[in-house]
Amino acid sequence: MGEHSGKFYDAKKMREYCDGWKELVADYARQKEISDREFLSFQETDSFKGMTADASKTFVKKGMGRMLSEVAKNQRKMRKAQEEVIELFENMVDSSQNARIEYDTLEMINNDFKELYYIFKDRADNVRKIVDCLNNEFGNYAYFEQPDSQTGIDAFIDLCGGGYDTAGYLRKCQDKLAAFDEQAKALLNGKNTMDKAKKVNSHIVYTKEALAPAPAENIKTVKVTLDPVDNSKVTANTTKKNSKDDMYSYLQRYYGFTDEEMTYLKANYPGLLSSLYGALNHSTVDADIILKRIKHELLYIGLTEEQTNYIKNLRYLRDNAAYKNIKVEDIQIIAANLFKNNYNVSFVAGMLGNVFIEGDFGNLEGVNPGTNTEYKYWNVVNKQAYTDEESGYTYTYYNDFSFRHIYDVDYKVYKKLIGPIMEEAEPLQDIIGCGSVQWTEYSRYKLLMECYEEADKLGNNDGQISYDECVLGETKCMLKELSIDGNFHSVVVDCNHDDSVSAAQTNAKIICKEYEKPSKKDEKLDERMKAAKDIYNAMKKSIGE
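In terms of the working numbering, the sequence shown opens at residue 874 and continues consecutively.
Derived by calculation from the structure, the hints in this document are not laboratory data.
Misleading hints may appear alongside valid ones.
Pair ranges (Cβ atoms, derived) [to be verified]:
| hint | residue 1 | residue 2 | range |
| --- | --- | --- | --- |
| 1 | Q1056 | N971 | 16 to 26 Å |
| 2 | N1154 | K1197 | 33 to 43 Å |
| 3 | N1013 | E1400 | 42 to 52 Å |
| 4 | N1062 | R910 | 32 to 42 Å |
Backbone N, C-alpha and C define an ideal beta-carbon position, used for all residues, glycine too.
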């Protein structure tokens, strides 16, 4: 990235900074007016006469008064320069009041899209060759049209420049920021603000020495220096920057990355870590966005390239209108953990075909009281009440927890509400559905709660369940149930482990009947088998199966 690395501009922060300056300048002007009145009163007084008095009055008028006037004048010029910089950015880059542009982040995004461009172009070339082969082989019987891939290639070039380093919209944005930076420096240099500041500073030093003459010979006064603006890049912080190792250590402590995770990120995503560190110092919102992407990339630790492609390809589900609103990120997390535990693609597809239909992470089942007679405890749970002694508020499952998520509610209250019911339940008694699998049976529900709390202890140990702790807890619960020591390992044994779409459909059927076990499960088999087929095909998409 060269000389422009690290440059950024935040219109909102700049406006906040300049508005703060405006207040300070206005306050200084108000205080100066008070001083001017006092100076004038001192100059016009007749009670202080003589040569010393005249000299003092002249000093106050030409020394103190002039100094304050020059400071105020210089402040006004600096405020004007600030407004000109803001206006310059609005004219050259973006007029939005909330605009934010960061050179390094744009570079990272541009490189990501260039990688996608080459992948797309490679796939398009392969398709073209396949169609040519088909026409050569069967051209006497039918003609196969070549798909129009140029539209997609042109779109990539418009966005990231394709194979050209200096082309594309993202590069244009970077160039705008760089051009603005040069213009802003030229504008500020033209204002000669630093030389004027030095002049004001000399008056301040002169006035200080005049008012407080040295009590002894050869006194050492403090030398005030101001560094001039040069053409080097502007940085957000003038203090000495920490080394990369210090940055990595800080991020690891702050976010709780494991040694394995940090080693992986340093090797594969150093740019993301740098962006996270910069965002953490300037914007927690931006930091949260970058952290979300980092956590997503951590899914691929320990996976083969093939497994990684399977997980990434789940995004193709959104191309199907039936799945456009699914939470792809959630099922990618489940898929990654299943792959890491040596389950193959047809088993993973069968599991996902059930999970994403049945629920999502932390989902608390909602059933209207009195509408279901198949499971008597649903009505009992819905009517269960708990009164908080401190607030006096009475919680009920249906009003305060039904149709919500475990990470959005008070987990401590939830446990107190559900506790009495769990004490009375039999191991196979259905309680209430929770989570991505909708764990319902008491024994399974109890294991899920234990996994949630285990995840909380590994997290911030605050007695509440965050989204990340919820994801970790449910993943642990699923893997424990399916493991060789788990109560549902027989499901794994019964499944078809061939790598085929038919195996994925068979597995979806087995998992629905033996693991998910939803109400009226026989009526739901076709839906889940179709979902498993679609998920399998999505995961296999990039390798042509």
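Okay, the hints, checked on the actual structure:
no., hint, verdict
1, Q1056 x N971: 16 to 26 Å, "holds, 22 Å"
2, N1154 x K1197: 33 to 43 Å, "holds, 37 Å"
3, N1013 x E1400: 42 to 52 Å, "holds, 43 Å"
4, N1062 x R910: 32 to 42 Å, "holds, 37 Å"
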